[in-house]
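7 is the number that full-length UniProt numbering gives to position 7 of the sequence shown; each next residue is one higher, with no gaps.
Simulated from the structure, these hints should not be mistaken for lab results.
Ideal placement from N, C-alpha and C gives every residue a C-beta, glycine not left out.
Among the hints, a few may not be true.
[Unchecked claim] The list that follows gives simulated cross-link-like pairs (lysine to any residue, SDA-like), each with its CA atoms no further than 25 Å apart:
1) Lys50 to Lys68
2) Lys199 to Gln86
3) Lys134 to Phe118
4) Lys76 to Trp39
5) Lys76 to Arg135
6) Lys134 to Thr187
7) Lys64 to Val148
8) Lys68 to Arg55
9) Lys94 to Arg166
10) Lys46 to Asn61
11) Lys134 to Gly104
12) Lys134 to Gly121
13) Lys94 to Thr136
14) Lys50 to Val186
15) Lys68 to Pro163
16) Lys76 to Phe117
17) Lys77 to Glu92
18) Lys134 to Phe60
19) Lys199 to Lys134
20) Lys193 to Pro149
21) Lys199 to Thr187
22) Lys68 to Glu87
23) Lys63 to Pro149
24) Lys26 to Lys64
25) Lys94 to Leu106
26) Lys94 to Trp71
27) Lys46 to Thr187
28) Lys76 to Ser38
29) Lys134 to Phe117
30) Lys50 to Phe118
31) Lys134 to Gly70
32) Lys50 to Phe90
33) Lys76 to Glu35
34) Lys134 to Lys26
35) Lys26 to Gly70
36) Lys94 to Gly48
37) Lys64 to Ser42
[As the list claims (entries may be wrong)] What follows is a list of derived Cβ distance ranges for each label pair:
38) Gly133 to Asn61: 17 to 25 Å
39) Ile98 to Thr188: 26 to 34 Å
40) Thr52 to Phe189: 24 to 32 Å
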Amino acid sequence: MRLVLIAITLWNELLFGQQDQFVGSKACSNCHINEYNSWLESTHGKAGGKPTTDRILAPFNGKKIEIKNGWFIPYKKNNRYFFSAQENGFPEQKYEVIGVVGGGHLYGGGTQSYFGFFPDGTMRLLPFDYHPGKRTWFLESNNLSGWVPATNNISPRELSEWPPNRVLGAIEEKQNCQQCHGSQIVTTFAISKGAYETK
């Protein structure tokens with residue numbers, strides 16, 4: 001048991017110690033302004049962030065997209081981006097977009113993904129992706145079909161992210177994207193708040 005406690009302590013020191021040392025890309029600009037400006041305009045520099053008019057590539061125009069046994073509506077209100085969604089027989093859900101990843105830059109295409117905060121304090125991948133090159137909404141299936149267009153051929157129950165469950169940040173008991181698509185993202189459960197915190 002003592003060995004396990006030591007291992008956990010060392011792991012936490014490694015994980016949180018690295019996060020404390022990460023100063024962010026802006027700090028580099030003080031000494032390396034040309035490199036920073038070049039990076040800022042690069043694909044990686046524009047790969048994600050807060051939802052802005054310049055960053056959002058999808059039509060958040062209030063148009064209802066019908067799928068089998070449900071629908072979703074991407075819309076914008078007061079310069080904020082939202083999805084309303086419903087699976088037939090269940091209450092309508094509303095998600096605010098608080099993060100965006102992707103700009104359609106990948107060879108052969110590329111999508112844009114959206115993230116929202118949830119009542120338990122986690123930031124999660126929303127199940128609606130947009131392909132700017134094809135001007136199409138896509139959904140990830142849970143039956144090994146991969147990403148498929150949002151049509152009447154797929155229902156919410158056939159989506160890997162319905163309801164939204166993929167957490168951004170390292171949480172052992174939940175699926176997450178952090179290992180491949182994040183850096184220094186740590187999600188911990190704050191007992192005092194009774195919720196997760198994502199840093």
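The hints, checked one at a time:
{"no.": "1", "hint": "Lys50 to Lys68", "verdict": "31 Å, violated"}
{"no.": "2", "hint": "Lys199 to Gln86", "verdict": "30 Å, violated"}
{"no.": "3", "hint": "Lys134 to Phe118", "verdict": "30 Å, violated"}
{"no.": "4", "hint": "Lys76 to Trp39", "verdict": "30 Å, violated"}
{"no.": "5", "hint": "Lys76 to Arg135", "verdict": "18 Å, holds"}
{"no.": "6", "hint": "Lys134 to Thr187", "verdict": "34 Å, violated"}
{"no.": "7", "hint": "Lys64 to Val148", "verdict": "18 Å, holds"}
{"no.": "8", "hint": "Lys68 to Arg55", "verdict": "30 Å, violated"}
{"no.": "9", "hint": "Lys94 to Arg166", "verdict": "17 Å, holds"}
{"no.": "10", "hint": "Lys46 to Asn61", "verdict": "23 Å, holds"}
{"no.": "11", "hint": "Lys134 to Gly104", "verdict": "10 Å, holds"}
{"no.": "12", "hint": "Lys134 to Gly121", "verdict": "34 Å, violated"}
{"no.": "13", "hint": "Lys94 to Thr136", "verdict": "21 Å, holds"}
{"no.": "14", "hint": "Lys50 to Val186", "verdict": "18 Å, holds"}
{"no.": "15", "hint": "Lys68 to Pro163", "verdict": "15 Å, holds"}
{"no.": "16", "hint": "Lys76 to Phe117", "verdict": "17 Å, holds"}
{"no.": "17", "hint": "Lys77 to Glu92", "verdict": "18 Å, holds"}
{"no.": "18", "hint": "Lys134 to Phe60", "verdict": "16 Å, holds"}
{"no.": "19", "hint": "Lys199 to Lys134", "verdict": "34 Å, violated"}
{"no.": "20", "hint": "Lys193 to Pro149", "verdict": "39 Å, violated"}
{"no.": "21", "hint": "Lys199 to Thr187", "verdict": "6 Å, holds"}
{"no.": "22", "hint": "Lys68 to Glu87", "verdict": "9 Å, holds"}
{"no.": "23", "hint": "Lys63 to Pro149", "verdict": "16 Å, holds"}
{"no.": "24", "hint": "Lys26 to Lys64", "verdict": "39 Å, violated"}
{"no.": "25", "hint": "Lys94 to Leu106", "verdict": "29 Å, violated"}
{"no.": "26", "hint": "Lys94 to Trp71", "verdict": "12 Å, holds"}
{"no.": "27", "hint": "Lys46 to Thr187", "verdict": "23 Å, holds"}
{"no.": "28", "hint": "Lys76 to Ser38", "verdict": "31 Å, violated"}
{"no.": "29", "hint": "Lys134 to Phe117", "verdict": "28 Å, violated"}
{"no.": "30", "hint": "Lys50 to Phe118", "verdict": "16 Å, holds"}
{"no.": "31", "hint": "Lys134 to Gly70", "verdict": "23 Å, holds"}
{"no.": "32", "hint": "Lys50 to Phe90", "verdict": "30 Å, violated"}
{"no.": "33", "hint": "Lys76 to Glu35", "verdict": "35 Å, violated"}
{"no.": "34", "hint": "Lys134 to Lys26", "verdict": "34 Å, violated"}
{"no.": "35", "hint": "Lys26 to Gly70", "verdict": "43 Å, violated"}
{"no.": "36", "hint": "Lys94 to Gly48", "verdict": "22 Å, holds"}
{"no.": "37", "hint": "Lys64 to Ser42", "verdict": "34 Å, violated"}
{"no.": "38", "hint": "Gly133 to Asn61: 17 to 25 Å", "verdict": "18 Å, holds"}
{"no.": "39", "hint": "Ile98 to Thr188: 26 to 34 Å", "verdict": "19 Å, violated"}
{"no.": "40", "hint": "Thr52 to Phe189: 24 to 32 Å", "verdict": "31 Å, holds"}
In summary, the structure is inconsistent with hints 1, 2, 3, 4, 6, 8, 12, 19, 20, 24, 25, 28, 29, 32, 33, 34, 35, 37, 39 from the numbered list given earlier, while agreeing with the others.
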